[in-house]
Structures are given as structure tokens and as C-alpha cells.
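Chains as they are written, first to last, in my numbering: chain F, 2 to 98; chain V, 103 to 223; chain B, 75 to 822.
Just so you know, the hints here were simulated from the structure itself, not pulled from any lab data. Wrong hints could be hidden among the right ones.
Computed cross-link-like contacts, DSS-like style, restricted to lysine-lysine with a CA-CA straight-line distance of at most 25 Å [to be verified]:
id : chain 1 : residue 1 : chain 2 : residue 2
1  : B       : 193       : B       : 152
2  : B       : 339       : B       : 261
3  : V       : 192       : V       : 104
4  : B       : 101       : B       : 339
5  : F       : 68        : B       : 261
6  : B       : 300       : F       : 29
7  : B       : 81        : B       : 525
8  : B       : 101       : B       : 200
9  : B       : 315       : V       : 192
10 : B       : 771       : B       : 165
11 : B       : 261       : B       : 315
12 : B       : 261       : B       : 300
13 : F       : 29        : V       : 175
14 : V       : 192       : B       : 152
15 : B       : 530       : B       : 771
A short list of chain F residues far from chain V (calculated; beta carbon distances all over 10 Å) [claimed, not checked]:
id : residue
16 : 11
17 : 19
18 : 20
19 : 21
20 : 29
21 : 34
22 : 44
23 : 46
24 : 47
25 : 66
26 : 68
27 : 73
28 : 80
29 : 84
30 : 94
If the Cβ cut is set under 10 Å, some of the chain F residues that face chain B in the computed set are [as the list claims (entries may be wrong)]:
id : residue
31 : 16
32 : 35
33 : 39
34 : 52
35 : 54
36 : 57
37 : 75
38 : 85
39 : 86
40 : 91
Glycine included, C-beta positions come from ideal geometry on N, C-alpha and C.
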Amino acid sequence: MAASKTGSGTLQLSAVLDLNEASVLHGKLTSMRGSDIVIDASAVERVGAQCAQVLVAGKRAWDEDQKSFLVEKASDAFEKTMQLIGIDTNNLVAKEL
Amino acid sequence: MKKKVLTVDDSRTIRNMLLVTLNNAGFETIQAEDGIEGLEVLEGCNPDVIVTDINMPRLDGFGFIEGVRRNEKYRAVPILVLTTESDAEKKNRARQAGATGWIVKPFDPAKLIDAIERVTA
Amino acid sequence: MDMNEIKEIFFQECEEQLAELESGLLKLNDGDRDPETVNAVFRAVHSIKGGAGAFGLDDLVAFAHVFETTLDCVRSNKLEPNHDVLKVMLKSADVLADLVSASRDGGSVDESRTRGLVKELEALAKGELPAGGHEAPKAAPAAPAPKAEAPAPTDDSGFQPIPFTFEGFGDDEEPAIEGATYEITFKPRRELYAKGNEAALLLRDLSRLGEMSINCDMEALPALDKMDPEASYFAWKISLKTTKSEDDIRAVFEFAEWDCELEVKVAEENTSDEELPMTPVPFDLSILDDSAAPAEEEKAAAPAEDPAANAVAAAETATGVAKAVARAAERKEAAAPATPAAAAAAAPQTIRVDLDRVDRLINLVGELVINQAMLSQSVIENDNTGTSSINMGLEELQQLTREIQDSVMAIRAQPVKPVFQRMSRIVREVADMVGKQIRLVTEGENTEVDKTVIDKLAEPLTHMIRNAVDHGIESPEKREAAGKNPEGTIKLSAKHRSGRILIELQDDGAGINRERVRQKAIDNDLIAADANLSDDEIDNLIFMPGFSTADKISDISGRGVGMDVVKRSIQALGGRISISSRPGFGSTFTMSLPLTLAVLDGMVVTVAGQTLVVPLTAIVETLQPETSAIHSFGATQRLISIRNSFCPLVDVGRVLNYRATQANPVEGVALLVESEGGGQRALMVDAIQGQRQVVIKSLEANYTNVPGIAAATILGDGRVALILDVDAVVAASRGQSLKPEMSFAATG
Chain F
2 MAASKTGSGT LQLSAVLDLN EASVLHGKLT SMRGSDIVID ASAVERVGAQ
52 CAQVLVAGKR AWDEDQKSFL VEKASDAFEK TMQLIGIDTN NLVAKEL
Chain V
103 MKKKVLTVDD SRTIRNMLLV TLNNAGFETI QAEDGIEGLE VLEGCNPDVI
153 VTDINMPRLD GFGFIEGVRR NEKYRAVPIL VLTTESDAEK KNRARQAGAT
203 GWIVKPFDPA KLIDAIERVT A
Chain B
75 MDMNEIKEIF FQECEEQLAE LESGLLKLND GDRDPETVNA VFRAVHSIKG
125 GAGAFGLDDL VAFAHVFETT LDCVRSNKLE PNHDVLKVML KSADVLADLV
175 SASRDGGSVD ESRTRGLVKE LEALAKGELP AGGHEAPKAA PAAPAPKAEA
225 PAPTDDSGFQ PIPFTFEGFG DDEEPAIEGA TYEITFKPRR ELYAKGNEAA
275 LLLRDLSRLG EMSINCDMEA LPALDKMDPE ASYFAWKISL KTTKSEDDIR
325 AVFEFAEWDC ELEVKVAEEN TSDEELPMTP VPFDLSILDD SAAPAEEEKA
375 AAPAEDPAAN AVAAAETATG VAKAVARAAE RKEAAAPATP AAAAAAAPQT
425 IRVDLDRVDR LINLVGELVI NQAMLSQSVI ENDNTGTSSI NMGLEELQQL
475 TREIQDSVMA IRAQPVKPVF QRMSRIVREV ADMVGKQIRL VTEGENTEVD
525 KTVIDKLAEP LTHMIRNAVD HGIESPEKRE AAGKNPEGTI KLSAKHRSGR
575 ILIELQDDGA GINRERVRQK AIDNDLIAAD ANLSDDEIDN LIFMPGFSTA
625 DKISDISGRG VGMDVVKRSI QALGGRISIS SRPGFGSTFT MSLPLTLAVL
675 DGMVVTVAGQ TLVVPLTAIV ETLQPETSAI HSFGATQRLI SIRNSFCPLV
725 DVGRVLNYRA TQANPVEGVA LLVESEGGGQ RALMVDAIQG QRQVVIKSLE
775 ANYTNVPGIA AATILGDGRV ALILDVDAVV AASRGQSLKP EMSFAATG
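Hey, can you work out the whole structure from these sequences and the hints?
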């Protein structure tokens with residue numbers, strides 16, 4: 002619980018969001034709970050489904066906490082992969098068909 | 103950005119074929135001659151994909167794959183098994199060891215490149 | 075590097091694998107049951123098959139496949155590698171070697187032999203024991219061959235041939251697209267990710283098959299604090315409109331199908347078009363898709379199961395290789411400028427160097443050694459104290475140069491193993507031919523000697539081995555009658571001894587039949603009928619030139635076929651050969667060879683003002699002739715008496731035409747040499763300058779062949795000295811002199 006409970010934090014996503022990164026990302030998000038968060042996805046080159054799972058679970062947790070969870074500056078790769086696997090990047094929910 | 107491929111094969115012929123095929127296809131290629139060397143080379147070369155033979159001296163492909171999957175840093179790297187063994191048993195063992203996919207010999211550059219592209223982003 | 079160069083590497087590697095194969099099989103034959111030995115043998119054949127497949131060498135692939143299958147039975151302990159089994163395997167190794175040579179050099183192989191062995195190998199794999207090395211009986215209840223197991227489900231067939239599609243006809247006109255809409259359910263398990271597969275990539279590949287709509291099922295996803303980040307929670311429902319078949323769709327999941335739940339079915343007709351509110355996902359895959367998907371036709375190449383189909387596939391592969399490389403090359407051009415250094419492979423453990431370069435280095439180092447010796451000599455001569463620091467420095471220099479010389483020589487040094495291994499095949503083949511049982515035992519295979527020596531050793535050794543098998547070892551019946559093991563043994567060994575390599579070839583046959591040899595020699599006028607010869611001298615008669623040419627002495631239970639040729643080849647290498655034999659117990663040939671042909675220990679002599687070098691190996695002793703020992707014989711011949719025997723005197727200066735008249739022997743020195751045929755001659759020279767190691771320079775390469783001269787060398791002071799060809803000089807002395815127009819005097 003290193004992050005402060007007030008104000009907002011920015012989480013810079015790594016370039017490669019693979020199996021290894023899933024646990025790291027999960028840990029970071031968990032430690033930043035309680036404050037508004039901005040997810041900076043500008044550097045992302047690869048997204049695996051497991052990191053997407055963590056992000057979606059994060060979004061749900063923030064919603065529950067009634068804090069804001071924003072994805073900003075999504076890279077093309079991030080945007081496209083999320084779209085490909087059926088996730089709406091803005092709300093991190095399943096895309097409505 | 104060039105994709106980096108680590109190949110592990112004890113046959114000089116196949117190593118050269120892999121090198122030519124992969125380099126021509128625009129990959130960066132790092133080569134090792136058996137499983138032990140493969141694990142040594144792995145450290146610090148950070149490959150996007152690994153292509154390995156099964157029958158090798160010192161440490162065979164199964165042992166090598168297990169070694170990669172146990173490696174904290176590289177356990178997520180896709181591993182393709184390059185083998186003449188088309189029987190299910192060999193494939194099963196490779197899969198159990200943690201192989202991502204396989205390329206059945208005789209060596210066919212098109213199949214190799216295709217398989218690599220299937221398991222890499 | 076192009077495919078031809080790789081093919082060259084392949085054949086080089088085949089040689090290595092064949093050697094590995096043979097030595098492994100021989101180890102097994104000797105009772106070695108180390109699993110690693112069996113593995114190495116299996117790997118050797120496997121590796122040859124793998125490479126051969128890539129080059130479309132069908133015959134080689136087919137045979138290697140059968141061989142490998144049988145070896146696999148040994149590897150999995152289904153087949154005990156006893157002597158009978160190994161006999162078949164060793165013969166198969168020979169055939170494999172023949173097939174490799176035929177593939178490389180375009181020759182043909184004995185097809186009936188190959189077919190016969192294929193049958194024998196298959197019989198072994200089926201658990202039928204070989205019947206005394208002959209073709210296995212066609213036993214009725216043939217157990218299914220291990221390869222004949224039912225193929226695994228879809229994974230084994232890999233890609234299915236793709237039916238003709240109408241792509242390109244109606245890309246922009248929807249109604250024109252034939253095909254169906256599939257509903258796919260895909261739920262990965264965590265193992266899928268753990269093995270390096272990725273749902274996102276599978277979905278990417280799926281999207282390439284047609285128009286895809288996707289629904290991500292997130293229901294199973296737990297709360298953030300409850301979830302395992304490496305578990306799999308998402309599942310997907312996909313609707314895919316495609317012209318491809320269900321098999322094509324499943325092929326996308328080829329690597330993943332065990333680690334996921336997958337359902338593929340054709341969507342109901344009536345719902346597919348209007349009812350479902352599915353919208354195509356319009357996105358650009360360019361980022362994920364940085365290299366073009368391979369041409370569909372390549373996908374059609376299905377991995378083959380049986381050798382015949384394998385062979386066909388292999389043939390197709392060969393063209394596939396070329397195509398793919400060409401295509402890949404185009405791709406590369408399009409790609410960003412590649413840095414060659416970055417693409418370099420990890421450093422190999424060996425480098426291949428042109429032999430010429432090594433030879434040049436060896437020459438130079440040899441000269442360095444001589445130069446250093448000269449320098450030391452002149453310093454010592456000019457330094458009376460003998461304790462100066464210059465002296466110490468020179469000693470260090472001497473040590474260093476010697477070390478450099480040894481290291482450089484070591485570059486050319488190779489183990490005799492390959493030659494020895496070739497011999498074991500010859501033993502097998504000749505023994506088979508003449509119906510004998512013979513085991514070849516080798517020792518000291520890793521003894522190293524200069525490559526040139528190895529190359530030139532093979533021929534005489536082959537000759538001797540053939541003789542040993544054909545004439546040395548008796549037939550099994552004779553051996554049994556003599557109370558010996560019906561299986562004969564030939565032992566081939568190598569070791570280093572005092573700066574030379576000693577090669578021994580020993581058989582436990584009947585030994586030399588001295589009566590017969592002696593009689594043959596008398597019949598051929600090689601010795602006088604009443605000559606008094608020791609056993610050793612009789613044995614050595616077989617090396618005489620006239621001995622074998624007389625007729626085919628195939629029934630002599632010693633040897634004799636072409637041994638003069640063998641002796642000459644060994645001598646040409648600066649070696650000696652001798653035989654010792656014990657009747658009833660066998661014969662031993664001993665060859666002593668220099669470790670290198672690049673340098674030679676020589677005696678530097680003066681003849682008519684010229685400096686010559688006589689190879690030390692040829693010199694038995696040196697002596698100062700006294701007047702009383704010289705006897706004239708005929709008009710020009712003179713003899714010297716040495717310890718109660720007479721030996722012809724040869725005036726080197728006269729033979730080489732350095733002078734017109736014979737020199738006075740008493741004023742010179744006689745070098746007693748052993749020449750071709752074992753006879754001794756006394757070579758007359760004017761004076762001995764000393765002994766020295768010299769660097770051999772080929773005259774043929776630098777000038778032209780000169781009769782009586784073997785080669786040249788450069789002495790420390792820069793002068794050229796000729797190295798005497800002792801045999802040629804002795805031979806020429808019989809006919810007075812070498813041809814006058816060929817006379818040669820060193821200049822320089």
C-alpha cells in the first residue's frame with residue numbers, strides 16, 4: 002500500500018504485456034487501489050489476454066471503489082489487440098455487439 | 103523491429119539452413135548446438151521465439167524446454183520443436199515439457215516461417 | 075551461404091555422423107550397453123535423415139528411416155543388440171555410407187543389397203531374429219511394425235490440403251463470397267498461456283480467415299483481489315464468415331487444442347445473415363501483421379507419415395526451400411537495412427581454414443625455427459663468456475619458437491580414427507567375401523598425426539588389411555582344426571613413440587609360411603638357391619619388388635600381394651615398415667612414420683661443392699671408409715666391406731652428374747642406407763656438415779620434378795639445399811646414372 006489514498010496516480014504500462022507481466026501488472030494495480038488512476042498505454046507493443054484480464058478486473062475494482070480508471074494515450078497495438086479480442090478500450094468491458 | 107530467434111540444433115546442416123532461412127526472412131538469429139548451450143545462450147539474448155530440435159547430445163529438446171519454462175525471465179517465450187518425429191508420442195512429450203508448437207521435418211522454410219509467425223506477435 | 079554450400083556442409087556432417095555411427099555400433103558389438111552410446115548411434119542416423127530430407131535425397135531418407143526405426147527399437151529396449159543384430163546394423167551403416175556417397179557423387183548403389191538390408195532391418199524391428207546373418211525367414215505372424223501405430227487425431231496431419239477457393243473473385247461483392255459462417259467457442263486453459271501460446275494471437279490468425287465478429291465472455295473473471303493473474307478466465311464466442319473449411323479453422327488451433335476448449339460448428343442458415351446483430355470488426359492488422367502470411371499453397375504440404383510419402387514430400391521440399399528463400403530474400407530487401415553483425419550467429423567452436431594457409435604458416439614457422447637456430451649458433455660462436463643476457467634471451471626464444479612450431483603442427487594434426495574406421499568396413503566386407511569370421515580391434519585411434527600422413531596412410535593400410543583378411547587369417551575350419559577360436563582377430567593400433575607415430579597391424583593367423591616364401595623367392599631369382607637367410611630376412615622378402623608380380627600367391631598363408639608397393643608408399647612418407655611373424659600365431663607389421671611431412675630430420679652433407687640433405691630415417695650408420703675395405707667390382711662398380719659383408723658403393727656426386735669421374739671413397743664419408751627392397755647401399759658423400767631439422771619445400775610445386783631429388787629446403791643462411799631421394803639414387807646407380815639432361819645443380 003505504497004500509493005497514497007488521495008489524489009490520482011499514473012500507471013505506465015510496459016511495452017510487452019505478456020505472461021510474466023500479468024503478475025507485475027496485478028501487483029502494481031493492487032498497490033494503487035483507492036485513488037483515481039490513469040493508465041498510460043502509449044508504450045505498449047504487445048498485449049496478451051492475461052494482462053487484459055488484469056486490466057478488466059482492475060477497471061471493475063475501481064468502479065466498485067467509485068474511483069476513476071482511465072486509459073490514456075493507447076498505442077495502436079494496444080488499441081487493436083484489445084479490439085481484436087473483443088474488449089472496448091474505453092470502458093474495459095466486453096464490446097457490445 | 104527485427105524479431106530474434108534462438109535456434110537449438112546439433113546438426114550443422116540444419117543450423118545453417120535455419121540461419122539462412124531466418125536471416126533471409128529478416129529475423130535476427132542466435133544459435134546453440136544442444137540444450138545446455140541453448141540454456142546458456144538464452145540468458146541475455148532475450149529471444150522472441152525459440153526453435154529447438156529434440157534429439158541432441160548432453161541435453162535433449164525435452165530437457166531444454168523444461169529448462170526454459172522454469173526460467174523466471176524467459177518462461178513465456180514461445181518454443182517451436184523442430185523434429186522429424188511426427189508420431190503423437192513425441193509431440194505429446196514435447197507439449198508436456200512446455201513446447202508451444204512444432205514444425206515437422208523435412209525442413210521446409212515456409213513451414214518454419216509460418217509457425218514462427220503463428221506464435222509471435 | 076547458399077543451398078549448395080549448405081549441402082556441402084551436410085555431406086561433411088554425414089561423414090562425421092557415419093564415423094560416429096560406426097564407432098557406436100562397434101562399441102555395442104563389444105558389449106557396451108551405455109544408453110548414451112545407443113542414443114549417439116540413433117542420433118547419427120536421425121541427423122542424416124533430417125538433412126537428407128531437406129535436400130530431397132529420397133533414397134537416403136527412405137533407408138535412413140528404416141534404419142532409424144530399427145535403432146529406435148534398440149533404444150527403447152525392444153530389441154537386444156546382440157552380435158547378429160549388430161552384424162545387420164554394421165552392414166546397414168555401410169549401405170548408408172554408400173547412399174551418402176551416391177547422393178554426393180552421383181554414383182549408384184547396389185540396390186539388391188539395399189533392399190535386402192531393408193528387409194532384414196524391418197524384420198528386426200518386428201522382433202524377428204536374423205537367421206545367421208542371412209535374410210530373415212518370412213515368418214508368418216509378423217507383429218505390427220512400431221511405425222504402423224494409428225496416427226493421432228488431427229494434430230498429426232497438420233495442415234490439410236486446401237480446397238479450391240474463390241478468393242479474388244468477389245472481394246468487394248459480399249454476396250459473391252461462397253462459404254459458410256462458423257460459430258466458434260474458444261476457452262483457453264492456463265496451460266495454453268504457460269506453454270507460450272497466446273489467445274490474442276490465435277484470434278488474430280482466426281480473423282485472417284474471413285470476416286470475424288467476436289464476443290469476449292468475461293463472466294468467469296473474479297475480482298481483482300481474488301484473481302490469479304496467470305490463470306485463464308476469458309472465453310470467446312466467435313462468428314466467422316469464411317470460404318475455408320472447418321479443418322482450416324481448427325488448424326489455427328493446431329498448437330493449442332489440448333489446452334483449450336474448442337467448438338467449431340456451422341451456424342444455422344437462417345440466423346447467419348439477418349438475425350444476428352453481428353458486425354464485422356473492421357480493423358487494420360498491419361501492426362500485428364508485419365510480415366505477410368505465407369502463401370496458402372505452402373500450407374498444403376502435409377507432413378508425411380510413411381517413408382514413401384516422406385520421400386515425395388522431401389522432393390517437394392527441395393523446391394520449397396528455393397522458393398521460400400527467394401521469397402524471403404524479397405522480403406528482406408523491403409525490410410529496413412539489416413546490420414550483418416547483428417544477424418551473426420553465436421561463435422562456433424571450430425573454424426574451417428584453407429589447408430594452404432595452414433601450410434604456409436607451417437613453412438614460415440619451420441623457417442623461423444631454423445633461423446633462430448642459426449642466430450643462436452652465431453651468437454654462441456661470437457660470445458666467449460656464454461653468460462650474457464643475450465644468451466638467456468636466445469634460449470627463451472628457442473623455447474618459444476619450438477612451442478610455436480608444435481602448436482602450428484598441431485593444427486594439421488588429426489586423429490587416425492577416420493582411417494581406422496574405414497578399415498573396419500574393409501575387414502567386414504572382405505571377410506564376408508571370403509567366408510571368414512574376423513574381428514577388428516583398434517587401439518589408440520585418437521593418436522594424432524599430420525593430415526597428409528593420414529591421407530596417404532589409407533591406401534597402404536587398406537592393402538595390408540585386405541591381405542591380412544584374405545591371406546593372414548585362416549578359414550574358420552582350419553582355425554578350429556588348429557585349436558584356435560574360429561573367429562580371427564586383427565589388431566590395428568597406433569601410438570606415439572620418440573617423435574614418430576608407430577602403427578601396428580597384428581593378426582592371429584597362421585603366420586608366414588617361410589618355406590613357401592623362400593621357394594617363391596628362389597623361383598623368381600630374388601635370392602640364390604643356397605642363400606643363407608635368417609627367419610627375419612625371409613619374412614622381409616615379401617617386400618621385394620619381384621616377389622609379388624611373379625604370380626598370384628593367394629594360397630600363401632602369409633602375405634605377399636603387392637607388399638613392395640606398400641613398402642614404397644610407406645617409405646615415400648618417410649616411414650619404415652617391417653614384419654615379424656610366428657608360424658601358427660600370426661604376423662605383425664610395424665610401421666613407423668613421421669608425425670609431419672612439413673619438416674624432416676636430415677643430415678646435411680657436401681657433394682662436389684653442393685649441399686645436400688639426406689633424410690635421417692634412411693641412414694643406418696655413417697662410416698669413414700678405409701682403403702682396405704674398398705673393392706673394385708667390374709669396370710665401374712665398387713664394394714665396401716662392412717663387418718664381413720659387401721655392400722655396393724654409390725657415388726652420389728656421380729649419380730647426380732655433379733662430377734664426371736668417381737671420387738675417391740677414402741676421402742669422403744659413406745652413409746649406409748637401407749633402400750627399397752631392404753638392401754643396403756653405401757652412399758658416398760664428400761663430407762658431413764651436421765644434422766638439422768629442415769623445412770621441406772616441394773620441387774614439383776616450385777620448380778619441376780628432378781630425378782634423384784625428393785624436395786628442397788632453405789638453409790639458415792638462405793641457401794637452397796636439395797633433399798636426396800635415397801631410393802631413386804640407389805635405383806639409378808644400378809643404371810650408372812640418372813639421365814644426363816636431367817642433371818641438376820643447385821644454384822643460389
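Hints versus structure:
1. With a CA separation close to 18 Å, the supplied pair residue 193 of chain B and residue 152 of chain B stays within the 25 Å bound.
2. For a cut-off of 25 Å, the pair hint linking residue 339 of chain B to residue 261 of chain B stands: about 15 Å separates their Cα positions.
3. The suggested pairing of residue 192 of chain V with residue 104 of chain V is violated, with an alpha-carbon distance near 31 Å, which exceeds 25 Å.
4. For the hint pairing residue 101 of chain B with residue 339 of chain B, the CA-to-CA distance comes to about 57 Å; that exceeds 25 Å, so the pair is violated.
5. Taking the CA atoms of residue 68 of chain F and residue 261 of chain B, the gap is near 31 Å; set against the 25 Å cutoff, the hint is violated.
6. Restraint check for residue 300 of chain B and residue 29 of chain F: the C-alpha separation of about 15 Å stays at or below 25 Å, so the hint holds.
7. With a CA separation close to 24 Å, the supplied pair residue 81 of chain B and residue 525 of chain B stays within the 25 Å bound.
8. A C-alpha spacing of about 24 Å is found between residue 101 of chain B and residue 200 of chain B, which places the hinted pair at or below 25 Å, so the restraint holds.
9. A C-alpha spacing of about 35 Å is found between residue 315 of chain B and residue 192 of chain V, which places the hinted pair above 25 Å, so the restraint is violated.
10. Distance check on the hinted pair: residue 771 of chain B and residue 165 of chain B sit about 43 Å apart at the alpha-carbon level, beyond 25 Å; violated.
11. Of the pairs offered as hints, the one joining residue 261 of chain B and residue 315 of chain B holds, with about 20 Å between alpha carbons and a cut-off of 25 Å not exceeded.
12. At most 25 Å may separate the alpha-carbon atoms for a hinted pair to count; residue 261 of chain B and residue 300 of chain B meet this at roughly 20 Å.
13. At roughly 18 Å between alpha-carbon atoms, residue 29 of chain F and residue 175 of chain V fall within 25 Å of each other, so this suggested pair holds.
14. Between residue 192 of chain V and residue 152 of chain B, the direct Cα distance comes to roughly 17 Å. Compliance with the 25 Å bound is thereby established for this hinted pair.
15. A hinted pair counts as satisfied when its Cα atoms are at most 25 Å apart, and residue 530 of chain B with residue 771 of chain B qualifies at roughly 18 Å.
16. In this structure residue 11 of chain F is separated from chain V by more than 10 Å, as the shortest Cβ-Cβ distance comes to about 25 Å.
17. The claim that residue 19 of chain F is not at the interface with chain V is violated, since a C-beta of that chain comes within 10 Å of its own (minimum 5 Å).
18. Look at residue 20 of chain F: its CB is around 4 Å from the nearest CB on chain V, not clear of 10 Å, so calling it non-interface is violated.
19. The Cβ of residue 21 of chain F sits about 5 Å from the closest Cβ of chain V, inside the 10 Å cut-off, so the non-interface label is violated.
20. Non-interface status of residue 29 of chain F relative to chain V is upheld: no Cβ of that chain comes within 10 Å, the nearest being about 18 Å off.
21. With a minimum CB-CB distance of about 26 Å to chain V, residue 34 of chain F clears the 10 Å threshold, and the non-interface call stands.
22. Even its closest Cβ contact with chain V, about 13 Å, leaves residue 44 of chain F beyond 10 Å, as expected for a residue assigned away from the interface.
23. The Cβ of residue 46 of chain F sits about 8 Å from the closest Cβ of chain V, inside the 10 Å cut-off, so the non-interface label is violated.
24. Against the 10 Å criterion, residue 47 of chain F falls within the reach of chain V, whose nearest CB is about 5 Å from its own CB.
25. Its beta-carbon lying about 31 Å from the closest one in chain V, residue 66 of chain F satisfies the requirement of being farther than 10 Å from that chain.
26. With a least beta-carbon separation of about 31 Å from chain V, residue 68 of chain F lies farther than 10 Å from that chain, consistent with its non-interface assignment.
27. Here residue 73 of chain F stays apart from chain V, with its beta-carbon at least about 22 Å from theirs, past the 10 Å limit.
28. With a cut of 10 Å on Cβ distances, residue 80 of chain F stays outside the contact zone with chain V, its closest approach being about 14 Å.
29. Non-interface status of residue 84 of chain F relative to chain V is upheld: no Cβ of that chain comes within 10 Å, the nearest being about 15 Å off.
30. The beta carbon of residue 94 of chain F is kept farther than 10 Å from every beta carbon of chain V, the shortest such distance being approximately 24 Å.
31. At a threshold of 10 Å, the smallest CB-CB gap from residue 16 of chain F to chain B is about 13 Å, leaving the interface hint violated.
32. For residue 35 of chain F, the shortest C-beta to C-beta distance to chain B is roughly 12 Å, which exceeds 10 Å, and the interface hint is violated.
33. Interface restraint check for residue 39 of chain F: the shortest CB-CB distance to chain B comes to about 17 Å, outside 10 Å, so the restraint is violated.
34. Hint status for residue 52 of chain F relative to chain B: holds, with the closest Cβ pair at about 8 Å, below 10 Å.
35. Interface hint status for residue 54 of chain F: upheld, as the beta-carbon distance to the closest one in chain B is roughly 5 Å, under 10 Å.
36. For residue 57 of chain F, the interface hint holds, since its Cβ comes within 10 Å of a Cβ in chain B; the closest pair sits about 6 Å apart.
37. Among the interface hints, the one on residue 75 of chain F is violated; its C-beta lies about 12 Å from the nearest C-beta in chain B, farther than the 10 Å criterion.
38. With a cut of 10 Å, the hint placing residue 85 of chain F at the interface with chain B holds, because the nearest CB-to-CB distance is about 6 Å.
39. Proximity of residue 86 of chain F to chain B holds as hinted, the smallest CB-CB distance being about 5 Å (cut-off 10 Å).
40. Interface restraint check: residue 91 of chain F against chain B, minimum CB-CB distance 15 Å, threshold 10 Å, status violated.
Hints 3, 4, 5, 9, 10, 17, 18, 19, 23, 24, 31, 32, 33, 37 and 40 from the list above are not met by this structure, while the remaining hints are.
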